[in-house]
Structures are given as structure tokens and as C-alpha cells.
Amino acid sequence: MFGFEYLLAAISPINLTLALLGVIAGTIIGALPGLTATMAVAILVPMTFTMEPVTALIVMGAVYTGAVYGGAYSAILLNTPGTPSAIATTFDGYPMAKRGDGNLAISIACLASVSGGLVGAFALLTISPYLAKVALAFGPAEYFWLAVLGLTLIAALSQGNLIKGVLAGCFGLLLSTIGVAEISADVRFTFAMPALLGGIAIIPALIGLYCIPVLIDLIATPDKHLKVTKESSGYRLGEAFKSTFKAPLNVIRSSVIGTIVGILPGAGGSIASLVSYAEARRSSKKTETFGKGNPEGIVATESANNATVGGGLVPTFVLGIPGTPPDAIILGAMMIQGLRPGPSLYSDQPEVIYTFVWGLVIATILMLPVGLFIGRYAYRAILALPKAFLVPSVVIMTMIGAYAVRNSVADMIIMLALGVIGWILSRYGYSQSSIVLGLILGRIAEQGFVQTWIIGTAKGNPFLELVGRPISMGIIAFILASFAFPLISKWLKSRKEASYVSE
Amino acid sequence: MLVNKLRVKDTAGILCTAILMITAAIFYYDTTTMVDSDSFVFPRAIIMGILLLGMVRLCIDVVAKEVDKRPALNANYLRSILLIVTMGIGISLIPSLGFLPAIIITYITTMYLAMYEQWTLQRRWSYPLISVAVVTALFFLFERVFIVQFPEGTLFY
Chain R
1 MFGFEYLLAA ISPINLTLAL LGVIAGTIIG ALPGLTATMA VAILVPMTFT MEPVTALIVM
61 GAVYTGAVYG GAYSAILLNT PGTPSAIATT FDGYPMAKRG DGNLAISIAC LASVSGGLVG
121 AFALLTISPY LAKVALAFGP AEYFWLAVLG LTLIAALSQG NLIKGVLAGC FGLLLSTIGV
181 AEISADVRFT FAMPALLGGI AIIPALIGLY CIPVLIDLIA TPDKHLKVTK ESSGYRLGEA
241 FKSTFKAPLN VIRSSVIGTI VGILPGAGGS IASLVSYAEA RRSSKKTETF GKGNPEGIVA
301 TESANNATVG GGLVPTFVLG IPGTPPDAII LGAMMIQGLR PGPSLYSDQP EVIYTFVWGL
361 VIATILMLPV GLFIGRYAYR AILALPKAFL VPSVVIMTMI GAYAVRNSVA DMIIMLALGV
421 IGWILSRYGY SQSSIVLGLI LGRIAEQGFV QTWIIGTAKG NPFLELVGRP ISMGIIAFIL
481 ASFAFPLISK WLKSRKEASY VSE
Chain S
504 MLVNKLRVKD TAGILCTAIL MITAAIFYYD TTTMVDSDSF VFPRAIIMGI LLLGMVRLCI
564 DVVAKEVDKR PALNANYLRS ILLIVTMGIG ISLIPSLGFL PAIIITYITT MYLAMYEQWT
624 LQRRWSYPLI SVAVVTALFF LFERVFIVQF PEGTLFY
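Just so you know, the protein sequences line up as chains R and S, in that order. Note that this note's numbering has the first sequence beginning at 1, numbered continuously upward. Note that this note's numbering has the second sequence beginning at 504, numbered continuously upward.
Derived by calculation from the structure, the hints in this document are not laboratory data. Do not rely on the hints blindly, as some may be mistaken.
Unchecked claim - Restricting the straight-line Cα-Cα distance to at most 20 Å, the calculated cross-link-like pairs of lysine to aspartate or glutamate (EDC-like) are:
hint	chain 1	residue 1	chain 2	residue 2
1	R	K285	R	E497
2	R	K387	S	E620
3	R	K292	R	E239
4	R	K227	S	E620
5	R	K224	S	E620
6	R	K98	R	E288
7	R	K387	R	D223
8	R	K246	R	E288
9	R	K490	R	E279
10	R	K286	R	E497
11	R	K459	R	E142
12	R	K459	S	D541
As the list claims (entries may be wrong) - Computed spacing ranges between beta-carbons, pair by pair:
hint	chain 1	residue 1	chain 2	residue 2	range
13	S	L518	R	N461	41 to 47 Å
14	R	P194	S	A521	28 to 34 Å
15	R	G238	S	V559	48 to 54 Å
16	S	I584	R	A458	52 to 58 Å
17	R	R406	S	S629	34 to 40 Å
18	R	F49	S	I592	42 to 48 Å
19	R	Y377	S	E620	21 to 27 Å
Said to hold, decoys possible - From the structure, some residues in chain R lie toward chain S, with a derived Cβ separation under 10 Å:
hint	residue
20	K164
21	A181
22	P222
23	V420
24	A445
C-beta: ideal position from N, C-alpha, C; glycine also.
Could you put together the complete structure from these sequences and hints?
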């Protein structure tokens, strides 16, 4: 069942060497803002044509998993997610780096990524056919509610000012509707500017909203970018291990969420990490420390986004439907290599699939030394770099990163404009993370909502279609619980305190 | 954010809310030209949300007697403004100069803006040289390895 006999083939010297190189390349590419895991895998495809099918798949899997983890570096050290799936890593990673715990944050991210990656890979190895059924059970209504579940995180992000947080989230949702409407193909909110026809791309928006405010503040004072403390050197592996596995439930829950969200075509690592972050925050005893440098936040996001790697490959292999954009490229490469995805893939070509999955497991394990090593040097480089080089280097990376997504100068202008807007709004209490959340989840929410409404209207009851399906009801219950839980726990706490006082 | 404690009324916050509401109103006006209800139902719902929440926020900010004390900025933001202007100029130079010259100019200008240390003779000649090397290396990495097509300047055709 687990294809143990193929483990030896996976650890052949050529597979091992290429997996190691793949993880290194993926980690570096993922760390560069603007270069996504999709781009990392896409660049590699032509190089894999001459390889054996299984070696080609292992290299792509290694690059993919490395790139997803690599996004955490810039999220932690520069407050700029290297990939969209590392958005939530900025919430606690950057505050940790600011207070001098950047190396610890990187080590925690590495351990969490490896744990999540292993859970996703083992799910792919053991229960793929069953999990693929989950993907088929998700319709537009479920996608809509999943997006709403992600949006509930706004409540957590807008500490002290919920209305401003929701307003910022709505602004992000509104930005997501710019461009050609997905269902009706109407041109919306472009105000006769052709540059806006394609809508606001996520990566330039992310770079602008997260990185430009950091640059604005960074250049305004002679202070060091990150605080240097006595603990600022070394891997701090023991401490990281303790922080990561102190709450094993957090790791397991986030990895499972990541695997399941990864299975859903089109959802991806960003939603997985946001939902996991929200859940980690909701169930933590130290809710108020989230967003201020709580390691549990990094653990949740990083284990979830790396779990989507294995999760996303489930529908890719079993149904031929890619779970995430990099999976679409892997699917294309598989077909070029003569592999036909489908339910019988595991029985027809076990030597390829099982060897690949074991290769993915090995690549994920290799990520531990590679990630720690690269992370340490990235942290030291950021600490050592004089401001006169750090600021312009980041400026140039933001410009190239924003341009590279669609080869568009207009995206650079959008990045800069959103950066300034983000800085002003965050200065006056409107969190830029809420804007980003709205921007990312807006498209999924709108598409899900409109499709559900059309299907429901055809069936004669759109409302029932929206709320009446079993999985939808489950997610709605979860959303209501996530709102009710803090209120109930607050009420219970105040009652407890009142009883102490009366005693 | 670079701030210190204590300061006055949340006028800027009120202004931000008002600008968001005006933006939402402009977007609403644009939806009136759309024919298909699938195109405007979702944006209109969000716009209504912004307008309603904005009004609530404005009422709280304007009517409330006690206002949150907003911390004041304690940094010199002239360099920040110049940074944004530099980036803007750098981007606008791309179509005419091409990508590489435009980002080299942006890099060197930003480097001067971010320089808080003493300009020694060695730094005067070494820093710009290193800048050109760094930017050129990055440019070729993206162009050759990541196959990003950068625009060439019309000035050099």
C-alpha cells in the first residue's frame, strides 16, 4: 500500500542529488519577492524533458516544496511574502525578526514546513483516492463559504478597531473586482485605463502593501532594520524545536487543513495558511499575542502551506485536476513524459508514482538542513548589510518582482500606488493585511457566490443552494463558532473573575 | 511603525474613512453602466458595506467626545517621500531608457537617500560601482535564468 519497495529507487544517488539541488533552487527562488513556486517549477520544465519520468517529477516536487518554504524568508526578514502562501507568516514572523528573533523565526518556519510537507506527502502516499473524493464534493457554494471563513481572520487582524479592519477588508474585496468579470466578462472599474483590464495581480499588490510601507519607515531613520540581540546568532534549533512542537495539535491541525485545502482545486497555499492561522489564533490560550510575534502563528502558516504541496498533488494524480497552479505545470510535464493521470495511475505505474512520492518525502526532509543553512545566512546578510545597500536592493527587488509577474510596467505603478495607500491606511488604523485578505479571497468569494446563485436560480431556490449543502452547513457552523468562541470564552473568563472577587 | 506616544484628534482617520466612502461611491456609479446583474451584485454588496460601515465609523469619530490619542511620527519622512518620488521617476523612465538603465539610476539615487553614514572617498567611488554590479547581476539573473522579458528603451532604437 505504501510502496516501500520503491523507497530505494527514490534514494538513488541521481535522485538524491537532484532533489537536493531542487530544494536549494526552490528555496532561493521562493525567497525572492515576485518569483512564485509556479514560476520556479515552470522554469524547470524544459530541463526535465531529457530526464527519466520519475527523476523529472522528483526535481519538480523538490523545487515546488523548496519554493513554498523559501517564501518565509522574505516574509520574516523583510515583511514581504516571497510567495502568496507566506502572507500570514509576516503577521508574527516580522515582529519576531524586529525584536531580534529572526533566526529563531526562520528555524521555526523550517521545522513547521518540514512537518507540514511530510503530512501532505504521507497523505498523498496513503489516502489519495479517498481524499480525491473531497475535491469533487466541493462546489461553488463551498468555495464561497471557504473564502468567508478566510475573511473571518479580519476580526483577528484588526485588533482594537473591528470597523476599520472590516472597512479595509471591503476595500480589498472591491479591488479584487477590478478588471474583466469572471462570469459575465463585463469590464468593471477600469475607468478607461487599459492597464487595469487584467485586474490587480496579487503579487504586485502583496509587494506594494507589505514591502513599500517597510521601506518608507526604514529610510526615514538611521536605526537598524532588525534589532540585534545576544541570541541573534546561531540556529537556535533547540528553542525552535520546543516552540514548534510545544503545541503538537497546532502542527497537526494546520497540516491537515493545508492538505485538505491543497486538495481543493484553485484554493492553494495562501488560503490554507490564512485559515490555519485563524484557527491557531482562535484555539490558542495566548490569543492577544498573535500578530505580535507569537511562534504559534508561524508554525500554523508554514505547516499549512507546505502541506498543500502533497495535498495539491492528490487531485492532480487521481483526477487529472491540478490542486494548485504549480500542480498544473507538473501535470503538463507528466503528460509529456507519457504518464496518464487517473484513478488507476497508482496501480498502472506504481514504480513512477510511489518512487516520486518517496522522493518528495526525501526532498521535504532535505529541506531541514538546506532551509536552516540558507536561512541563517539570509538572516546574517540582512543584519550585516548597510542601510545604503539594503534599501536600494529591496527597492530594485520590489520593482523587478512586480514587473516579472506579467511583464507589465503598469503592475509596477500599481505596486507603488498600493504601497503608499497601504502605508497611509495602516498609519491610521486600517490594517493592510485585511486589504490583502480581501484582495485574495474576493475573486474566490465572488465566483463561488455568483455561480451558486445561477445554479440556485435554475433550481428555483438560490438561498437553499447557498446554505443548504452539507459541507456548506459545516463551514457555516465553523464560521459561527469562530465568531462565538472568543465571546463565550471572554464571558466565561469574566464570570470566573467575578466569582473570585465575590469569594 | 515609527511613532511615539501622545497626540491629538483622529482627523486623518476621519479623512481616510471619507476617502474610502467617496471611492466606494465612484465605484457604485461605475456599476450603473453594467447590464448583467452577475457583474454588479457582488461589488454593490461590498460598496454598501463600505458606505454603511464608513458612516458608523464617521459617527463614532465625529460624535465621540473622547478621542484615541494617536502617537506622533518621530522620523524624518522627507527621505521617504523622496524614495517614493525616485521609484515613480524610475518606473516612468523605463519606456524611454529601458529597464536596466532605469533601475541603475533608481538604485544609485536610493542609495544616496538611504546613506546615513559618512561619505568617505573610498565609499564615494566603491558604492556606485558595487551598485551597478549588483543591479546588472540581478537584471541578468532574471533575464537569462528566469526568462523575464524586460523592455528596451525607445531612446536607444
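Among the hints numbered above, which are violated by the structure, and what are their numbers in rising order? As far as the earlier hints go, not one is violated by this structure.
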